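Asker: Residue strings, one per chain:
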Amino acid sequence: MKAFANQNARSVEEAVTLAQQSLQGGQSVSFVGGGTDLLQLMKDRVVNRPGSELPDVLVNLKTVGGLDQVTPSAQGGATIGGMITLDALSQNALVRDRFRVLAEAAESVASPQIRKAGTLAGNVCQRPWCWYFRNGFQCYKAGGSVCYSVRGENQLHAIFGGGPSYIVNPSDVAPALVALDASFRVVGPEGERTLSAADFFVLPRQDAEHENVLADDEVLASVELPAPGSGMRSAFHKEMDREAWTHALASAAVVLDMDGGVVRSARIVLGGVAPIPWRVPEAEALLAGNRVTPELARAVGAAAVAGARAMSKNAYKIPLARSVVERTVLTLATSA
Amino acid sequence: MSAATEIVRLTVNGDRQEVGVPTHFTLLETLRYALGLTGSKQGCDKGDCGACTVILDGEPTLSCITPVWEAEGRTVTTVEGLASREAPHPLQDAFDLNGAAQCGFCTPGILCSAAALLERTGDPTREQIKEALAGNLCRCTGYTKIYDAVEAAAAAMQNGASVGGASG
Ligand SMILES: Cc1cc2nc3c(=O)[nH]c(=O)nc-3n(C[C@H](O)[C@H](O)[C@H](O)COP(=O)(O)OP(=O)(O)OC[C@H]3O[C@@H](n4cnc5c(N)ncnc54)[C@H](O)[C@@H]3O)c2cc1C
Ligand code: FES
Ligand code: FES
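Just so you know, the protein sequences line up as chains A and B, in that order.
So this note's numbering is basically just the index in the first sequence, starting at one, shifted up by 33.
So this note's numbering is basically just the index in the second sequence, starting at one, shifted up by 2.
Rather than coming from a laboratory, the hints here were simulated on the basis of the structure.
Watch out, some of these pointers could steer you wrong.
Below, simulated DSSO-like cross-link-like pairs (lysine-lysine); rule was C-alpha separation at most 30 Å, straight line [claimed, not checked]:
| hint | chain 1 | residue 1 | chain 2 | residue 2 |
| --- | --- | --- | --- | --- |
| 1 | A | 35 | B | 132 |
| 2 | B | 147 | A | 346 |
| 3 | B | 48 | A | 346 |
| 4 | B | 132 | A | 149 |
Heads up, incomplete: computed chain A residues facing chain B, CB under 8 Å, no partners named [to be verified]:
| hint | residue |
| --- | --- |
| 5 | 38 |
| 6 | 68 |
| 7 | 145 |
| 8 | 147 |
| 9 | 150 |
| 10 | 277 |
Only a predicted model underlies this, so the values are computations on that prediction, with no experimental measurement involved.
Each residue gets a CB set at the ideal place from its N, CA and C atoms; glycine is no exception.
Let the hints inform the model, and build the full structure from the sequences given.
Answerer: What follows is the structure, given as structure tokens:
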């Protein structure tokens with residue numbers, strides 16, 4: 034691995050300053066949480082920030098005090114620090130109770146060891162796991178101008194929202210956050226800004242190199258979850274090509290606001306099928322005002338994939354995504 | 003850029019260590035190349051196989067993707083620290099008796115994941131054992147004998163078999 038220096042930040046603001054100082058000094062820099070993604074990229078000599086070099090300096094965010102907490106808000110929502118580990122997130126009582134979809138998503142990530150080291154922010158900001166990108170191909174994600182999957186091995190690539198790059202957003206946690214209508218607090222040199230989870234991620238047609246709006250010197254500090262309605266229930270389900278320790282072929286994060294047996298409103302977000310967490314409003318609309326029956330769940334599944342377009346080798350993802358949605362909606366709505 | 007070095011203080015298998023390593027070293031590189039503890043294996047070296055699993059403050063940890071600074075002031079147990087001077091760890095006994103190791107490359111990591119599990123859960127179910135070992139690949143055994151061995155070790159420990167090593 035290339036040699037690098039480590040700087041422990043004591044506050045988010047200090048982290049931003051440290052990053053800026055390195056950038057101004059001509060050094061490339063990356064923020065690091067658990068390092069489970071970043072160290073792998075560095076060992077494979079894959080550049081983390083496009084247009085930059087392998088990092089000379091890592092600014093460690095895990096040393097920022099209090100960034101690993103879940104804090105309930107007075108209204109019933111919660112603020113979750115970006116450096117909470119996925120393991121702690123999945124076991125947090127408040128999260129399990131009120132924001133189940135997030136706990137289930139965090140629990141489904143990788144393996145016990147990776148959940149104990151990997152963080153919420155790192156999970157959301159992890160780079161794509163496209164095998165071309167990870168193996169040093171100069172594709173869009175590495176600052177190049179081609180997506181090798183288009184004419185190549187695209188089994189794991191996008192069926193929605195692709196072009197010019199066809200990567201899929203690999204995070205299990207991200208669809209859950211979009212489904213919960215979370216806001217992301219981002220801190221940078223100009224201060225902080227808050228944006229909705231849905232506005233945080235960007236499609237390749239907006240920016241082919243980056244997966245989100247963060248600049249090189251901006252930190253994803255925390256995530257805010259709005260208070261759940263009294264009839265809210267939520268679930269995450271993920272399909273993989275083996276039983277554990279791998280990314281989703283397709284996943285669904287579903288949040289239902291129920292009035293007795295009737296759905297008031299729904300949010301359905303797919304993972305593993307698009308370059309961003311992929312919301313399916315047509316499918317959500319079918320649920321509003323209705324009681325969930327097996328027939329309706331089937332129609333919701335079909336609506337969810339109505340806009341999908343398979344590549345040469347990933348057509349299987351369409352029925353897979355359809356049935357993940359159908360089953361998650363049906364189970365969630367009809368469970369006691 | 004020439005590699006900067008730093009002094010890291012940590013407790014490894016009961017011994018307090020102060021070791022000077024390049025700042026970009028992982029915990030695994032520190033254990034293997036600075037401290038000579040080669041029991042923890044460098045398999046994939048990027049978080050994909052679990053062969054480098056050690057116990058960091060009670061938690062199974064992939065040492066190959068753990069920057070060494072993460073271990074500052076903390077306690078590490080490697081496979082070398084599981085046995086006592088007098089006897090192997092009950093897990094090591096059970097792996098031997100159940101034929102749970104073939105080539106053995108995954109074994110140090112699996113023993114560490116399993117030892118961390120048994121510290122937390124004295125009488126784990128088969129499901130809990132599977133879940134605890136979900137981050138350790140074994141290409142030889144098919145896992146069944148590994149699960150059998152962990153169950154046998156748990157039973158032996160419930161019946162008073164002692165754990166004498168650094169993890170106990
Ligand atoms: C074998 C394997 C299997 C995996 N399977 C899954 C899976 O099934 N599902 C899944 O969701 N993930 C999976 N992952 C990815 C894993 O979950 C991530 O590596 C982990 O969550 C990243 O967290 P971290 O804290 O270690 O991030 P780091 O490696 O520290 O950082 C990751 C990236 O985010 C940036 N970053 C980190 N924190 C911030 C911040 N606060 N602000 C701005 N940028 C930041 C870093 O610069 C880096 O680019 C897998 C990984 C491996 C190695
Ligand atoms: S060597 Fe660490 S996971 Fe493979
Ligand atoms: S015994 Fe050979 S990999 Fe497990």
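Asker: With reference to the structure, classify each hint as holding or not holding.
Answerer: Checked hints:
1. A/35 <-> B/132: Distance of about 36 Å is beyond 30 Å: violated.
2. B/147 <-> A/346: It is violated: about 37 Å lies between the C-alpha atoms, which goes past 30 Å.
3. B/48 <-> A/346: 28 Å, holds
4. B/132 <-> A/149: Between residue 132 of chain B and residue 149 of chain A the Cα gap is close to 17 Å, so the pair holds against 30 Å.
5. 38: Because about 6 Å separates residue 38 of chain A from the closest Cβ in chain B, which is inside the 8 Å limit, the hint holds.
6. 68: Where the cut-off is 8 Å and the nearest Cβ of chain B is about 5 Å from residue 68 of chain A, the hint holds.
7. 145: This hint holds: residue 145 of chain A lies near chain B, its Cβ roughly 5 Å from the closest one there, short of 8 Å.
8. 147: Holds, about 6 Å.
9. 150: 7 Å, holds
10. 277: 4 Å, holds
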